[in-house]
Structures are given as C-alpha cells and as structure tokens.
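Enquirer: Sequence:
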Amino acid sequence: MSVESFYSTSVRIIVKGIVQGVGFRPFVYREALRYRITGFVCNTPEGVVIEAHGKHCEQFIKALRENFPVQARIDSMEIEPCESAAYTGFEIRESTLGLGSVAIPLDSALCLACQTEMDDPANRRYRYPFINCTDCGPRYTIIQTPPYDRVRTSMKHFTMCPECLEEYNDPTSRRYHAEPISCPNCGPKLTFLDNSGNMLEGDSIALAVEMLKEGKIIALKGLGGFHLMCDATSDTAVAKLRLRKHRKSKPLAVMFGSLEQLETYVSINEVEKSHITGSIKPIVIVDAQSETNHLSSLIAPHIQRLGVFLPYTPLHRLLFESIDFPLVATSANISDEPIMIRSSEIVGRLAHVVDGILDHDRTIINALDDAVIQIAGNRVVMLRLGRGFAPHTFALQHPTDKAVLALGAHQKSAIALGVKENMILSPHIGDLGSVEADGYFERTVQTFKRFYDVEPSLLVHDLHPQYASSAYALTQKREHYGIQHHYAHILACMAEYGMDEKVLGFAYDGTGYGEDGSLWGGEVMVADVHAFERIGHLKPFALLGGDKAIKEPRRIGLSLLFDIYSLD
1018 MSVESFYSTS
1028 VRIIVKGIVQ
1038 GVGFRPFVYR
1048 EALRYRITGF
1058 VCNTPEGVVI
1068 EAHGKHCEQF
1078 IKALRENFPV
1088 QARIDSMEIE
1098 PCESAAYTGF
1108 EIRESTLGLG
1118 SVAIPLDSAL
1128 CLACQTEMDD
1138 PANRRYRYPF
1148 INCTDCGPRY
1158 TIIQTPPYDR
1168 VRTSMKHFTM
1178 CPECLEEYND
1188 PTSRRYHAEP
1198 ISCPNCGPKL
1208 TFLDNSGNML
1218 EGDSIALAVE
1228 MLKEGKIIAL
1238 KGLGGFHLMC
1248 DATSDTAVAK
1258 LRLRKHRKSK
1268 PLAVMFGSLE
1278 QLETYVSINE
1288 VEKSHITGSI
1298 KPIVIVDAQS
1308 ETNHLSSLIA
1318 PHIQRLGVFL
1328 PYTPLHRLLF
1338 ESIDFPLVAT
1348 SANISDEPIM
1358 IRSSEIVGRL
1368 AHVVDGILDH
1378 DRTIINALDD
1388 AVIQIAGNRV
1398 VMLRLGRGFA
1408 PHTFALQHPT
1418 DKAVLALGAH
1428 QKSAIALGVK
1438 ENMILSPHIG
1448 DLGSVEADGY
1458 FERTVQTFKR
1468 FYDVEPSLLV
1478 HDLHPQYASS
1488 AYALTQKREH
1498 YGIQHHYAHI
1508 LACMAEYGMD
1518 EKVLGFAYDG
1528 TGYGEDGSLW
1538 GGEVMVADVH
1548 AFERIGHLKP
1558 FALLGGDKAI
1568 KEPRRIGLSL
1578 LFDIYSLD
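If you read the sequence shown in this note's numbering, its first letter stands for residue 1018, the second for the next number, and so on.
By construction, these hints were calculated from the structure, which means they are not laboratory data. Careful, some of the hints might be misleading.
Restraint ranges, calculated between C-beta atoms of paired labels, are given here [said to hold, decoys possible]:
#1 N1140 x E1277: 21 to 27 angstroms
#2 P1557 x S1093: 46 to 52 angstroms
#3 D1378 x D1418: 42 to 48 angstroms
Note that beta-carbon positions come from the ideal geometry of N, C-alpha and C, so glycine has one too.
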C-alpha cells in the first residue's frame, strides 16, 4: 500500500541533513500543534525521527518540507506507514543520541530577530555581545564532541540563570535548546587587553573604538578566531598592518558597517547582495568602484576587486555603532598559518602587530576562518571553505563500507572523511609545513575522528613523498593509498557535481608529483572513479628551485629561456 494512503492516519518520518542544533525539533512541534498531529519528535544518531498521527499528515509533511528553519538543511526525508498509537498530544522526546552520521550544525551570522532584541533598550539582552538563538550564533566552533548538547560545548562553563533556563526549556521559544543561550547575567564577558596581555579598565568596546580611531591595530575575537582590524580608509594604518604582519601585497578583506556603506565603495549585483546580507555573511569578492572608492590603495594593490563582508556577530555590530568608516578584517595569523583562537597566542606571536586585544571568555574549540566566495554566472564559486559552510556534508553516490580519510595536499590543505553514505569536508586548514599548520592539520584529523566516532581503516594521500599530509599517512599503521595530484583534482570536480561516468578532465592547477616520479603539470586526462589515462600535458622543462618556482614565477620564466637558448 502506498505511503500516501497512510497520510491521514500514521506515519514514521526520518529526516537527515543539518537538522540538529538548528531549532528543527521545536519547528516540528509547532507544525504538529498547527495541524493537530499527535506523536513525538526526537534526535537519533541517524537523524530526526518523527512519529505522526492525525487527519492532516499530508499537510504536516508538506509544511516540514517547505517551512523548515533557515539554518537547517534537509538532505532526505524517509516516510513510511506505522502502526496507529493513541497519543494524547505531541511531545519533544529526549535525544537518543550516540555518534552517527548526523551533520554537524554550522555557525551562522546574527539573525534579524536577535538584532532587533539587542537594539531594544527594554530588552534584557540590549547591546549584549553574545546574543544568539536557534537561528544564529556559534555551533561547530564551540563543540567538543557530539551530540550537540550544552555540556559538550564550551558553554558548559556558564550556568544558565533562571530566565535563560526558562527559555531553554520552552518548546515555543526561539531559544528552546539553543545550546549557546546566555544573557548579561550568566554569559561570557568582554575584556580589553594591551599587547602585553594586561587587562585595561573601562568599557572594552569603547577602548577598541578609541584605538581604531587613532589609526591603531586591534585583534578582535570572532566566532572561529581573531581578526586583525584597522581603519580601511587610512594608508598609514594599512601600511602599518602590512609592515608588521609581513604581508607585502596580498589583498585584505574589508568589513563594512552596513549594506548602505558597502554600496558606496563597491558595485554588487543582486546575487552578490543576497550572499553579503544572508544568514552566513561570507567574504564576497566583488568589483570595486574606482570613482567613489576612498579605501586605502594598499588594501588590494593593482587589483580592481575587493573581498567585502558585513558584521556577522553581535560584537562586530556593536563595534560599528561608534565607527563610521570600514575596517580591514583579516585573519590573525602568521602568513599561511592557521587563524589564532586564544589571546595568549596573540600576545606571544603577534604582540608586535597589534596595539590592543578585544577578548572574551567563551572558548573557541574549533578554529574556523571566514569563508570566501565569488559569484560567476550567478553561481557561487567557493574560494575558501569556512564559517557557515564547513564542515560540509554531502551524500555519496556509492556508500562506503569502510571509513576513509582523505588527507589533502600540502598547500590550501583540507581533509575529508567518508563514513557510510556521507562525505564530510573539513574547513580550510592552510599551507602545511610549519609546526603550527601541521599541528592544526593533525588536530582537525582527531576532531573528525572524535565527531564521527570512527577510526579510519583507509588513508588516502597525495603521491608526493615530502608533503606533510603524505608523511602523516605513511607514519600511521593502517592501509594507505596514494593518488596522483591532478587526478585527485578531477575526481574532486566529479564528486562536486555527482558524476561517476568517464570524463575528459583538464587540471591546470600547477605542479604535482607524477606516477613516474617527475613533476607533472597542465594535465589532460580521460578519467573515471577507477582510473585515468594521461592523454596530454605541458612539455616538460627544468624547474629552477623545484616547488619554490610555484610562488616565484620568474624562476619559471628563466627555466623556459634556458630551455630555448643555450648559454653560448
């Protein structure tokens, strides 16, 4: 008998995707009351399970598919008939969570409802720097281990006051089981430090604003790490930041206080605007307006494109209440190393860069850079997988019967974990080769193993024997398998677009260790998920300095001249 014939009686529904930690169960509860459905909803290792009984099951299921919370993502909804049961109402049951295939909830930007509350002088969270609800705030960055309950996050150190506890336990509240819930009476607190780590007396935000107006540089603790911030309209301030950070010309991202301010500096289309103002608020690469652009010329030298974004935490937003100019907001790190998450790191390694530190006591457990995207042909092109997008979970076309850990390359590193029917892609890690970056890489591996309670039985790595990721694989006492660099790029594109047929692939990303032990580059391959045939490539030539030539193109030019002309 078809499922449809049971819609008026009893159904069991399993919803998979990002459906935990995003207000999905309260949403189901409210829809059940609306359609007079009896039964229950609960979290399980495989997803959200709903048992629904009533005359309006069809409308109820339609509402679940169409009206789910903004931060949720439904990958699948399995519906099957079940035995009728005499429930007197609808209830939210305690989670029966172990570790499973449930997607980790993602960090998100301040929502409009919380923004309205923090602007209301009569609200108890007026101007509160850590306001959040089930629609916004930290998620991945504060999780120690699933399931996503407060006691397993960095919020376990903050005991809820009676008012917050009442909201937390109220299924009709926007903050029902919002694990980071807090208020000025029971939540995290701001502090402002000098670059030696000494706490300064006074209003922390006012002290930060004062320094920024004086052309100084501050470090501000965001969701996934610290930003280095300074006046984006001041050549002096930006030059100081570049000099101190040893960042000669690489473009810097700019945060604007409002969309109106942003549009006076850059040209954006409607698709770009939707992402700039959306629930994630990533950095978006857009065209600059040279006629009205009064930003420092040192932001992105000789480039007519800018990385722009809006304040995405309540703390960033409070900062802009007293500042009428845009701010450089770049990751607090040493070039190509991971973003820093503790003020002690700033003091120990960036004291020569910053003049002050706007800090707080909500611990960041998992570092996370801002995502960077650009729009091409009205489609999102991901340039750096980060906040709001990562960890990214997608369904495998062919489920794996073993846990597979792919360890990525050496530059722009990321890892991926294949478990059952899912592939989980990590946030951007950075370039490996330093103690800090290699340590972050290994911590990310451990985090993924902990989150999904798996010990991978197969490690997949690049063929290059000197890559840190390859070296890691070869030191582990388990099965490992090397994949040629360019073939891996083609496979990644195939996975992104759900392709498993034979393709003609072009991989022009640079050099990669070949199966013959030489450096390959400019590869053309006929490939499928099992193997590839190399049918074209650039003519080999001597590469002065090896991999060093990748970042110093003049070496390639000289190599080609030597290839054409003799020394005679």
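Enquirer: Hints the structure violates: just list their numbers, smallest first.
Expert: none
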